[in-house]
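The residues making up each chain are set out below.
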Amino acid sequence: MTKSTCRDTFVIHKKKLQNDYYSLVLGPLRKINHCQPGHFIHLQVPHTDVMFRRAFSIASIFPEQNALEIIFKVVGRMTRQMSTLKTGDTVNILYPLGKSFTLPRKSETSIMVAGGVGFPPLMFLTEHMMKRGYDPKTIHFFYGGRTSADILCRSRLKRTGVLFHPVTEDGSFGRQGLVTEPIEEFIKFRKKDKLRLYACGPEGMLKAANNLGLQYHIPGQLSLEAPMPCGIGVCLGCVVPLTAGGYARVCAEGPVFEVGEVVL
Amino acid sequence: MTPDLKVTIAGVEFANPIMTASGCCGYGEELHRVFPLKTLGALVTKSITLHPRSGHPVPRTAETASGMLNAIGLANVGVDAFIKDKLPFLEDKQTRVIVNVAGSKIQEYVDVCARLEDCPPVDMVELNISCPNVDEGGMEFGSNAALTEKTIASVKKVFTKPLIAKLSPNVTDIVEIARAAEQGGAEVLSLINSVVGAAIDINTWQPKLTNNKGGLTGPAIKPIALAKVDAVYNACTVPIIGIGGITCAADVVEFMLCGATAVQVGTALFIEPDVPVKIVKDLKTYLKQKGLASVANLRGKVRKY
Ligand SMILES: Cc1cc2nc3c(=O)[nH]c(=O)nc-3n(C[C@H](O)[C@H](O)[C@H](O)COP(=O)(O)OP(=O)(O)OC[C@H]3O[C@@H](n4cnc5c(N)ncnc54)[C@H](O)[C@@H]3O)c2cc1C
Ligand SMILES: Cc1cc2nc3c(=O)[nH]c(=O)nc-3n(C[C@H](O)[C@H](O)[C@H](O)COP(=O)(O)O)c2cc1C
Ligand code: FES
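Just so you know, the sequences run in chain order U and Y. Per our numbering, the very first residue in the first sequence carries number 6; after that it's consecutive. Per our numbering, the very first residue in the second sequence carries number 794; after that it's consecutive.
In case anyone wonders, no lab produced these hints; they're calculated from the structure. Warning: the hint list may mix true and false statements.
No more than 25 Å apart at the CA atoms, straight line, and that leaves these computed lysine-lysine pairs for PhoX-like [said to hold, decoys possible]: (1) U:Lys8 x Y:Lys898; (2) U:Lys36 x Y:Lys831; (3) Y:Lys886 x U:Lys8; (4) U:Lys104 x U:Lys199; (5) Y:Lys898 x Y:Lys877; (6) Y:Lys898 x Y:Lys950; (7) U:Lys78 x Y:Lys1001; (8) U:Lys36 x Y:Lys1071; (9) U:Lys8 x Y:Lys950; (10) Y:Lys1074 x U:Lys8; (11) U:Lys36 x U:Lys142; (12) U:Lys136 x U:Lys199; (13) U:Lys142 x U:Lys197; (14) U:Lys212 x Y:Lys1001; (15) U:Lys8 x Y:Lys1001; (16) U:Lys111 x U:Lys91; (17) Y:Lys879 x U:Lys104; (18) U:Lys78 x Y:Lys886; (19) Y:Lys831 x Y:Lys1071.
Predicted, not measured: the structure shown is a model, and the values here were computed from it.
Make the full structure from the sequences, and use the hints.
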């Protein structure tokens, strides 16, 4: 595992995406190329009443500017404070943390299953694969949300050339329903040994993606969330039960786990 | 002149008085990826038990005002795997190694310590007779003076290096337990372990920890810890390691003025994993400003009313 760095850095750019979603670009940071899709940062904002850090997936990196991007939704005290940050403000980050995704074979078709704030790591994975010369037509990006407002960065996703399948519960954008329904239809007509599943999103979505993987024998990976007091593997607070018995630390052995590896 | 941070406890010299607390630094490997462990006076491992333990179901932690609750449940790899897989890493890290040991029977403490006796990298053992998170064990020992004395005396028979007794604040009179530990043969006392606490989710009406209660740690408990260190310092003669809510060099100075020879930093590592580096630096600056040649000059110097 790579070394992690704990340091002060700056807000280079903050942008409101839509509704309660924001993008933050942070830097300058050394060894930015060590950040891989699936890795996360542990962030602390100064002058806050929130004592513990919060985890955020890396959404992209900008090697020329030695910067990284996170995308977050305002859900509580820390994220509310983060939404008030301005360019030039100092934050403290610990990075890169966790285990990253394993890339598919170029001959395989990837099924991305994204929901809510599970979208950023899968966008990073997708853009990373484009840079590595993957054919965009081998990536099917299924993106679920409650309403249209939950589907972020649409033009950015479309620019990559991947096949974009938005799904909303209220039908306000893309197909109506739950994201797992069109995925199952998609899988049924494919050779299962040529498929690869990547999922990150709310618990229900992860569970469904894990079940699809198991049911149709499709290998893949899930990126999990858990409350993380330390983020570096020392407190044992973030564990998830393993199918094989015992527990694994989401921050250290994860957040990326294989389909079937954890009990959801 | 640079002030001297070295401290000697029970004949063992430490490069500085800053240690990381049990359960907050794993077995050292993870922390070493953030800063070199030689920055530390010592690293105290997660509690080791005779057999591996997987711990309590999640949620195991909850944030509270100025602190956190935990009920990890002494999850650890067990003494044999610890010696085989974890201890070798610490061998060449140029920091002292203190192994924290827990058990639910006196014989378990004895068996674990007997195995650690032959491990050269182990400089001391800290007996966790005060963990609030196991039903059968821990606190039973630490809240009963006779049992405390007997546990320590039994371990002394098989373990010849210095022994630290880690005391619980969750007792009627910590001084009585401290004296019993000293009587049993503990060369050092460390205090405090976490303070028993609870938190409830008002939507589900369920406790925020599956263990229903847990141990409160972090800045919230510092005043409690200071008062206990002061009380024990005035009643006992063995050196004291102060623990509880330390986040900065100023906190360290407070503990030392109340009688601590060294300190352990726990929860603060979650907030700022490289905080020991800063504490060591700031402690030096403080001593310089005060014109003190050695950190030992602070010990017990609180000027009481
Ligand atoms: C590896 C990892 C990657 C992550 N990546 C991202 C990311 O890219 N973007 C992102 O936005 N988030 C991400 N998260 C989630 C983010 O870390 C959490 O949402 C974080 O807790 C937000 O902090 P907060 O202080 O704003 O909210 P908190 O106060 O911590 O609240 C978090 C959530 O819990 C709920 N909650 C709080 N207290 C209670 C309670 N007592 N009872 C019931 N519910 C409660 C809140 O309503 C809210 O929904 C990630 C988490 C992990 C572990
Ligand atoms: C997550 C966590 C796990 C802990 N595990 C142990 C343990 O295994 N054994 C032990 O003796 N103390 C354990 N402790 C207690 C600490 O060593 C220390 O006594 C306590 O946290 C107070 O110090 P602090 O306020 O600096 O954290 C643990 C504390 C925390 C927060
Ligand atoms: S958050 Fe502490 S071990 Fe994972």
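Results of checking the hints against the structure:
no. : hint                 : in the structure
1   : U:Lys8 x Y:Lys898    : violated, 39 Å
2   : U:Lys36 x Y:Lys831   : holds, 24 Å
3   : Y:Lys886 x U:Lys8    : holds, 16 Å
4   : U:Lys104 x U:Lys199  : holds, 24 Å
5   : Y:Lys898 x Y:Lys877  : holds, 24 Å
6   : Y:Lys898 x Y:Lys950  : holds, 16 Å
7   : U:Lys78 x Y:Lys1001  : holds, 24 Å
8   : U:Lys36 x Y:Lys1071  : holds, 23 Å
9   : U:Lys8 x Y:Lys950    : violated, 42 Å
10  : Y:Lys1074 x U:Lys8   : holds, 22 Å
11  : U:Lys36 x U:Lys142   : violated, 31 Å
12  : U:Lys136 x U:Lys199  : holds, 21 Å
13  : U:Lys142 x U:Lys197  : holds, 17 Å
14  : U:Lys212 x Y:Lys1001 : holds, 23 Å
15  : U:Lys8 x Y:Lys1001   : violated, 33 Å
16  : U:Lys111 x U:Lys91   : violated, 41 Å
17  : Y:Lys879 x U:Lys104  : holds, 21 Å
18  : U:Lys78 x Y:Lys886   : violated, 41 Å
19  : Y:Lys831 x Y:Lys1071 : holds, 14 Å
Violated hints for the displayed structure, listed by number in ascending order: 1, 9, 11, 15, 16, 18.
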